[in-house]
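Listed in order, the protein sequences are those of chains A and B. Throughout, the numbering used here is defined as the position within the first sequence, counted from one, plus 8. Throughout, the numbering used here is defined as the position within the second sequence, counted from one, plus 2.
Please note that the accuracy of each hint is not assured.
Unchecked claim - In silico SDA-like links for lysine to any residue, alpha-carbon gap of 25 Å or less:
no.	chain 1	residue 1	chain 2	residue 2
1	A	Lys11	B	Met91
2	A	Lys61	B	Gln10
3	B	Lys72	B	Gln10
4	B	Lys80	B	Ala55
5	A	Lys21	A	Pro104
6	A	Lys79	B	Arg97
7	A	Lys65	B	Gln10
8	A	Lys21	A	Leu53
9	A	Lys65	B	Arg97
10	A	Lys61	B	Ser98
11	A	Lys11	B	Pro42
12	B	Lys80	A	Gly48
13	A	Lys79	A	Thr119
14	A	Lys63	A	Arg115
15	A	Lys26	A	Gly66
16	A	Lys26	A	Asp46
17	A	Lys11	B	Ser30
18	A	Lys78	A	Pro104
19	A	Lys11	A	Lys79
20	A	Lys65	B	Ser78
21	B	Lys75	A	Gly48
22	A	Lys11	B	Phe66
23	A	Lys79	B	Ser98
24	A	Lys63	A	Glu77
25	B	Lys57	B	Ala74
Hints were generated in silico from the structure; no laboratory data involved.
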Amino acid sequence: DVKVTQSSRYLVKRTGEKVFLECVQDMDHENMFWYRQDPGLGLRLIYFSYDVKMKEKGDIPEGYSVSREKKERFSLILESASTNQTSMYLCASTPPRGRQYFGPGTRLTVT
Amino acid sequence: AQTVTQSQPEMSVQEAETVTLSCTYDTSESDYYLFWYKQPPSRQMILVIRQEAYKQQNATENRFSVNFQKAAKSFSLKISDSQLGDAAMYFCAYRSALSGNQFYFGTGTSLTVIP
Chain A
9 DVKVTQSSRY LVKRTGEKVF LECVQDMDHE NMFWYRQDPG LGLRLIYFSY
59 DVKMKEKGDI PEGYSVSREK KERFSLILES ASTNQTSMYL CASTPPRGRQ
109 YFGPGTRLTV T
Chain B
3 AQTVTQSQPE MSVQEAETVT LSCTYDTSES DYYLFWYKQP PSRQMILVIR
53 QEAYKQQNAT ENRFSVNFQK AAKSFSLKIS DSQLGDAAMY FCAYRSALSG
103 NQFYFGTGTS LTVIP
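Bound-form chain A, shown alone (with noise of 0.2 Å):
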């Protein structure tokens, strides 16, 4: 079975700070995905990465970044924490004509 780790269920931060959320997939897939999940608005993509050192923005790249050094680990990056970015974060990996498999998801608390 695939699996999709994610570095903390639980995480609260203040604003200000720099946030590091790490996601690590054990199927050798190339793609990998950082998603926002907020209630009514469903899954809204932040970034994705098709292959190591590769990336694309997603719907709602503003005030993240990410890193893809190796290809099991997709890194996503909040460079100065604000309170709007209080959310669910998911990641996923995918092979390339498959299915998404997901992550626990990381509930982000920014005050």
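Based on these hints, arrange chain B on the given structure of chain A.
Frame of chain A, contents of chain B only:
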């Protein structure tokens, strides 16, 4: 960009009854995949069922089945013999088979199962 619409923010069903969740999508492509994902409260998102657009036969997984109407761009999920464990948020998703790597998700339907 493709859009996926779930017009029912909330649904409820009596235990053991059948419920249908609606999903419509907008695309000009002919080859694509459609998915239903389930997200139980505070738990991981999991795949419920998948449909390839080129297949005319509706996908079925145990108590879960879809009604795929390609011309109408409709992809509804039917849950038969509903169980308490079916209570969750359900998301419909679209993926092109030809172009790009993105998935497009609906806004979700929250399903409550009444004992």
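Here's how the hints hold up against the structure:
{"no.": "1", "hint": "A:Lys11 x B:Met91", "in the structure": "holds (21 Å)"}
{"no.": "2", "hint": "A:Lys61 x B:Gln10", "in the structure": "violated (39 Å)"}
{"no.": "3", "hint": "B:Lys72 x B:Gln10", "in the structure": "holds (20 Å)"}
{"no.": "4", "hint": "B:Lys80 x B:Ala55", "in the structure": "holds (18 Å)"}
{"no.": "5", "hint": "A:Lys21 x A:Pro104", "in the structure": "violated (35 Å)"}
{"no.": "6", "hint": "A:Lys79 x B:Arg97", "in the structure": "holds (22 Å)"}
{"no.": "7", "hint": "A:Lys65 x B:Gln10", "in the structure": "violated (29 Å)"}
{"no.": "8", "hint": "A:Lys21 x A:Leu53", "in the structure": "holds (22 Å)"}
{"no.": "9", "hint": "A:Lys65 x B:Arg97", "in the structure": "holds (17 Å)"}
{"no.": "10", "hint": "A:Lys61 x B:Ser98", "in the structure": "holds (23 Å)"}
{"no.": "11", "hint": "A:Lys11 x B:Pro42", "in the structure": "holds (18 Å)"}
{"no.": "12", "hint": "B:Lys80 x A:Gly48", "in the structure": "holds (22 Å)"}
{"no.": "13", "hint": "A:Lys79 x A:Thr119", "in the structure": "violated (33 Å)"}
{"no.": "14", "hint": "A:Lys63 x A:Arg115", "in the structure": "holds (23 Å)"}
{"no.": "15", "hint": "A:Lys26 x A:Gly66", "in the structure": "holds (21 Å)"}
{"no.": "16", "hint": "A:Lys26 x A:Asp46", "in the structure": "holds (21 Å)"}
{"no.": "17", "hint": "A:Lys11 x B:Ser30", "in the structure": "violated (33 Å)"}
{"no.": "18", "hint": "A:Lys78 x A:Pro104", "in the structure": "holds (18 Å)"}
{"no.": "19", "hint": "A:Lys11 x A:Lys79", "in the structure": "holds (14 Å)"}
{"no.": "20", "hint": "A:Lys65 x B:Ser78", "in the structure": "violated (30 Å)"}
{"no.": "21", "hint": "B:Lys75 x A:Gly48", "in the structure": "holds (22 Å)"}
{"no.": "22", "hint": "A:Lys11 x B:Phe66", "in the structure": "holds (24 Å)"}
{"no.": "23", "hint": "A:Lys79 x B:Ser98", "in the structure": "holds (23 Å)"}
{"no.": "24", "hint": "A:Lys63 x A:Glu77", "in the structure": "holds (11 Å)"}
{"no.": "25", "hint": "B:Lys57 x B:Ala74", "in the structure": "holds (15 Å)"}
Hint check: violations occur at hints 2, 5, 7, 13, 17, 20; the rest are consistent with the structure.
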